[in-house]
Amino acid sequence: MNDVLVSVRRFRKRYGRFEAVKGISFEVRRGEIFALLGPNGAGKTSTLESLEGLRKPDGGELSVAGVDPSRRPRRLKNLIGVQLQASALPQAMTVEEAMTFFCTYHGVAVRRDLIERFGLAEKRRTQYSKLSTGLQRRLNLALAAAHEPPVLFLDEPTAGLDVQSRAEMHAVTAELKKSGTTVILATHDMAEAEKLADRAAILLNGAIVALGSPRALTARGSRRTKISVLSERASLLADRSDVGEARFQSAADDYAIYTSATPGPAVTAILAFLERAGDPLVDLRVERPSLEERFLEITSSNGNEGGNS
Amino acid sequence: MKAFIHHLAYDFKTGIRDRTKLLMFYLFPLAFFFAVSSFMTQINPFFKDTMIPAMVLFAVMSACLLSLPGTLVTARESGVFRSFRINGVPAASILSIPVISAAAHMAVAAVIIGFAGTLVFKGAAPANVLGFAAAALLSYLAYAGFGLVLGTAAGNANASILLAQAVYIPSILLGGLMVPLSVLPDAFRRAALILPSSHGMILFQALGYPAAGKAFPWVSLAALGGGAVVSFFLSAWIFQWDTRASRPNRKAFAALLALVPYALAVAVGG
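Quick note, the sequences are listed as chains D and X, same order. Numbering of the first sequence is given in our numbering, commencing with residue 4 and proceeding in unit increments. Numbering of the second sequence is given in our numbering, commencing with residue 59 and proceeding in unit increments.
These aren't lab readings, by the way, just hints derived from the structure by calculation. Be aware that a few hints might be false.
What the hints assert, rightly or not - A few chain D positions that, by computed beta-carbon distances, are all more than 12 Å from chain X:
#1 ALA124
#2 GLU125
#3 LEU134
#4 ASP201
#5 ARG218
#6 ARG223
#7 ARG236
#8 ALA241
#9 ARG243
#10 ALA264
#11 GLU278
#12 GLY281
#13 LEU287
#14 THR302
#15 SER303
Unchecked claim - Label pairs and their calculated CB-CB ranges:
#16 X/ALA67 / D/GLU64: 33 to 43 Å
#17 X/ALA89 / D/GLU178: 47 to 57 Å
#18 X/THR78 / D/LYS59: 34 to 44 Å
#19 D/ASN43 / X/ARG308: 24 to 34 Å
#20 X/ASN214 / D/SER182: 35 to 45 Å
#21 X/GLN298 / D/ASN43: 17 to 27 Å
#22 X/ALA215 / D/LYS59: 22 to 32 Å
#23 D/GLU64 / X/THR78: 37 to 47 Å
Stated by the list, open to error - Here are the simulated DSSO-like cross-link-like pairs (lysine-lysine), alpha carbons at most 30 Å apart as the crow flies:
#24 D/LYS59 / X/LYS309
#25 D/LYS198 / D/LYS180
#26 X/LYS60 / D/LYS126
#27 D/LYS181 / D/LYS198
#28 D/LYS229 / D/LYS198
#29 D/LYS133 / X/LYS71
#30 D/LYS133 / X/LYS60
#31 D/LYS59 / D/LYS25
#32 X/LYS71 / D/LYS126
#33 D/LYS126 / D/LYS198
#34 X/LYS272 / X/LYS106
#35 D/LYS180 / D/LYS126
#36 X/LYS272 / X/LYS180
#37 X/LYS180 / X/LYS106
#38 D/LYS25 / D/LYS198
C-beta atoms are modelled at their ideal positions from N, C-alpha and C, and glycine is treated no differently.
Just chain D, same shape as in the assembly:
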């Protein structure tokens, strides 16, 4: 679990005079799901496409499963699977033909089992143009995984999908991780990164401004945990003052809402208050700051809080 499968060292990428990626470094370990997060133009796609061998770096060193993507692209093709954000298949190609086509080019047996596993069995004779966006994405993911590559790149895999298709894609991605595949995921969807990723890097203006597990990233923020309390007689709303470590914020739908940097003692103090008041608790919700809130905090401060942490 500790060996490094993807290594990026002082990677730079320029487009004319514009420096899109400014010497970033990170490593991805075997079996990890690693998320690259950042607003548009942050350098996510440039990084991903350079790792996939689609672009040449202007500086630094890249290694994917021991291969330099820009020097040995042919060797790379069987080591990686890629679900591109902007890619497609020939419109008239059926699901089964696509699987046969790509398996043949990778020199592996045709993976009809993946058509079943990715829920495409009923559509095996359907042409690509007639599949829904969700099914097209699922097929692209199945094709990317067909030759069992050790590293899988997913670029915005759930963009534009409905809730159900999104959940299915998450389940499939988690299943691939279970089978030992290393996944590098570029996404705008913070909830997706929080749910799937073991670690994430936040890119801003071509530099990494935060790196770590989603939990560690959110813990580093200045945001406090939100505690919402509903009681039978609303004694907390009558009082409207801080309770121990809990700072009273507002009232909404009969809930008293507090924030705290130390949620454990704060909740204990609120429960003690209700017991003293003889006011039975109806509902208690504790919400830690989300990765999205942390992301917005970092990007709104323009990344001025120390990089490559």
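Got chain D sorted already, so can you dock chain X onto it with the hints?
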């Protein structure tokens, strides 16, 4: 090799399944053949002499100019080539397979035109079938090369349509398909040698309908052969895996070099 053959078989199937390809490979040229042959044989008895090669050439041009460039541009714009690249499909396969599979469809269309032209419209059957087939193949390769160059050089689908029409329409009007080259005024006849169809019609006559005492048209043979070779190399050089608005293909202007063999034929004078 297995992947190449599989890819080729898939591409051949789409010639029937894909509506645009079906239209340009069969429906449009065959409908045009039946319609034009019906009335042209009534108003111009000499049309029967050139009907079969002219209609075969028309089918070739429809496939190579109206289908091939658009297919390439659309695949590049929609990201099909990116998918192919990542999965190890070589550029050589992307360029050669549509040409080979369309050649097979053209052979079928040519056989239909040959039989129907002879049996239904009493057109002149080729005296030398192998020679006729050689002329058809060379004309096909020349136009397929043009199609590849247009498909790789055009920045978008609209540009590919415009460029293809710039070759297609003059090829029909001046290339000896509707009006024999021999009846054109000298200046027009010479200018028409810039078009592969003119050389195609000259070769069809020389190889498919050989007549004693006529000099062999080496210039047309060289123009079509040279044109095909130059076009194939140019398309491989211009080829890009994807379209980037911020970085237009600077090699696209080199596409004009595909005209050089035909320009030389004009200079030599056929």
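Original post:
Hints broken by the structure, by number, lowest first?
Top reply: When the structure is compared with the hints, none of them turns out to be violated.
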